[in-house]
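A.B. asks: Protein chains in written order, with my numbering: chain Z, 1 to 300; chain D, 1001 to 1244.
Think of the hints as simulated: they come from the structure by calculation, not from any bench.
Hints may contain errors.
Listed below are the simulated BS3-like cross-link pairs for lysine-lysine, each with C-alpha atoms no more than 25 angstroms apart in a straight line [stated by the list, open to error]:
id	chain 1	residue 1	chain 2	residue 2
1	Z	87	Z	249
2	Z	183	D	1230
3	D	1176	Z	173
4	D	1100	Z	215
If you want a taste of the chain D side facing chain Z, the calculated C-beta under 7 angstroms gives, among others [to be verified]:
id	residue
5	1002
6	1012
7	1016
8	1098
9	1100
10	1185
11	1200
Heads up, the beta-carbon is just placed ideally off N, CA and C, and yes, glycines get one too.
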Amino acid sequence: MRKSLTALALSLSIAGLAAPAQAQAQLTGTLQKIKETGSITVGHRESSVPFSYLDADQKPVGYAMDLCAKVVDAVKSELKMPNLQVKYQAVTSQNRIPLMQNGTIDLECGSTTNSVARQQQVGFSVHYFITSVRMAVRKDSGIKDIGDLNGKPVATTTGTTSDALIKQNERGKHIDVKNIYGKDHADSFLMVESGRAAAFVMDDILLAGLIANSKNPSDFAIVGPSLRDEPYGVMVRKDDAPFKAVVDKTLIGLMKSGEAEKLYTKWFMNPIPPRNVNLNFPMSPALKAAFASPSDKGVE
Amino acid sequence: MNYHWDWQFFFQEADDGLKYYEWVIAGLGWTTAVSLASLAVALLLGSVLGVMRTTPTRWLVAIGDTYVDLFRNIPLIVQLFLWFFVVPELVPDKIGIWMKQDLPYIVTAVVGLGLYTAARIAEQVKSGINALPRGQRFAGLALGFTEWQTYRYVRLPMAYRIVLPALTSESMNIFKNSAVTYAVGILELYFQYKQIIEKTSQVLEITIVVTMAYFMLAFVMNRMLAFVEKRTRVPGLISGTGGK
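Looking at chain Z on its own, in the form it has when it is part of the complex (with noise of 0.2 angstroms):
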């Protein structure tokens, strides 16, 4: 079966490959989509705060939709196409991958981990965002740090596994944790809310943004060390080099003009639609590490 879809995929691409070169000059995959449907469809989430999401009149923002909206731009000029059509589709973190590989979506901007088993599917730009897997808990309940943890019930989202972090962790190997898992983040912190869980072990940012959500923000904490670092990368079509390349030169651009930084500020150190919440969230040394030093390599 995979060898003759492997075998179907060459003679594919290989056929796609020879038509478009007599007629134009070679472009090939998503850019040539783009020129030949004269639109690019721009993947969004509808509710990963801050990065991609609905505001109040249901446009998707975000820090991620900015620096995309960087990207078409780059993506115009390369194909000297200034009224590049740009279409918007909602993605959740079920069906990202199959549209990105079904040609629904041509670039997603969202909250998307570069991980190497996703690297299978689809390709990745530079790290945009790098997060940190941490814990929230109650400010009472008095936990500090992973072994506090032994015996207590803690809360993840389906989707990721907290015991094997903890566990992976040195402070955590002693340990025995019960895990209860959530619908979604707002289900998994309800959980520590009501008092279901001790804690929830989540992206430190998306714990951020639910915190500061909350009835009363200050009874939270995040705390703890980090339990994995997780870059997050635009996700491209496999094996799309020239698109990858446009997109990668757009990022790094931002990111050494200091553009990307004022971005940063703009979602995450200042007030933000819909509620005019400030998350407050400092840049992390990892993350100005990665606007340094652009890389795209996936975690494990």
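We have chain Z; now place chain D onto it with these hints.
C.D. replies: Just chain D now, with coordinates in the frame of chain Z:
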């Protein structure tokens, strides 16, 4: 579509030391446990409520009708959230904390799914009993049976046979509906499905496998009850041709 097919990932080790196919099997186990336990609750409670709604006693009918109206008109996932998040906050603190920290999650899931399905089964049992000619009850009473005995020996054996096809679809539904319990922390098949997608990104393979697994569960239930239907058929009665 340039999808990277890889069926072998099922045999790869996940980060908890188990292999992915073992995750699927664990999920199947929980799905079956939650479904069968809920079905038991639903059949028992649904039958009691269904009978109550056909008695001559008005307050019993009122209780049964209210129950059905209440539980049939609220979406299943909302009911599960009510049991999981709201009820523990309404009871005295001590019980609430016990519910949140010590009560196994499967109990909440079985109560939620069982009570929801009971309302649907009550409706079917009631229509089965009402489908019988009134003369059956009178004949029973004339023979000296008590009201309860007319149910036990005359009406219920007939009523269950009439509604068995409807009960069959309800029993299949419960397997499909059990997917919702992932929302209250049950590590069942749909939960494992989401987990595996997130871990491996092999969306199509795992979707195919999980689809087939749900189909098999519902189908086995269907065949088992079709067998029951065949075995319990009374030739010449009501639907003589039913349960083929």
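A.B. asks: When the nearest CB of chain Z is found for residue 1012 of chain D, is that gap smaller than 7 angstroms?
C.D. replies: It is violated, given that the least Cβ distance between residue 1012 of chain D and chain Z is near 10 angstroms, above 7 angstroms.
A.B. asks: Holds or violated: residue 1100 of chain D with residue 215 of chain Z, Cα cutoff 25 angstroms?
C.D. replies: The hint holds at about 21 angstroms.
A.B. asks: Please verify that hint: residue 1185 of chain D, Cβ, nearest Cβ of chain Z, below 7 angstroms or not.
C.D. replies: Holds - the Cβ of residue 1185 of chain D comes within 7 angstroms of chain Z, reaching about 5 angstroms at its closest.
A.B. asks: Against chain Z, with CB atoms and a cut of 7 angstroms, does the hint on residue 1200 of chain D hold up?
C.D. replies: 6 angstroms, holds
A.B. asks: Can we keep the residue 1100 of chain D interface hint, with Cβ of chain Z closer than 7 angstroms?
C.D. replies: 4 angstroms, holds
A.B. asks: Have a go at the residue 1002 of chain D hint: is there a Cβ in chain Z nearer than 7 angstroms to its own Cβ?
C.D. replies: 6 angstroms, holds
A.B. asks: Was the hint right that residue 1016 of chain D lines chain Z, CB cutoff 7 angstroms?
C.D. replies: 6 angstroms, holds
A.B. asks: Verify the proposed pairing of residue 1176 of chain D with residue 173 of chain Z, using a straight-line Cα cut of 25 angstroms.
C.D. replies: Roughly 39 angstroms between the alpha carbons, so the hint for residue 1176 of chain D and residue 173 of chain Z is violated.
A.B. asks: Holds or violated: the hint that residue 1098 of chain D contacts chain Z, with Cβ atoms closer than 7 angstroms.
C.D. replies: Since chain Z brings no Cβ nearer than about 12 angstroms to residue 1098 of chain D, farther than 7 angstroms, the hint is violated.
A.B. asks: Could you grab the alpha-carbon distance between residue 183 of chain Z and residue 1230 of chain D and see if it respects the 25 angstroms cut-off?
C.D. replies: Roughly 41 angstroms separates the two Cα atoms, so the pair is violated.
A.B. asks: For residue 87 of chain Z and residue 249 of chain Z, compute the direct alpha-carbon distance and say whether it is at most 25 angstroms.
C.D. replies: 22 angstroms, holds
The structure is inconsistent with the numbered hints 2, 3, 6, 8, although it conforms to all the rest.
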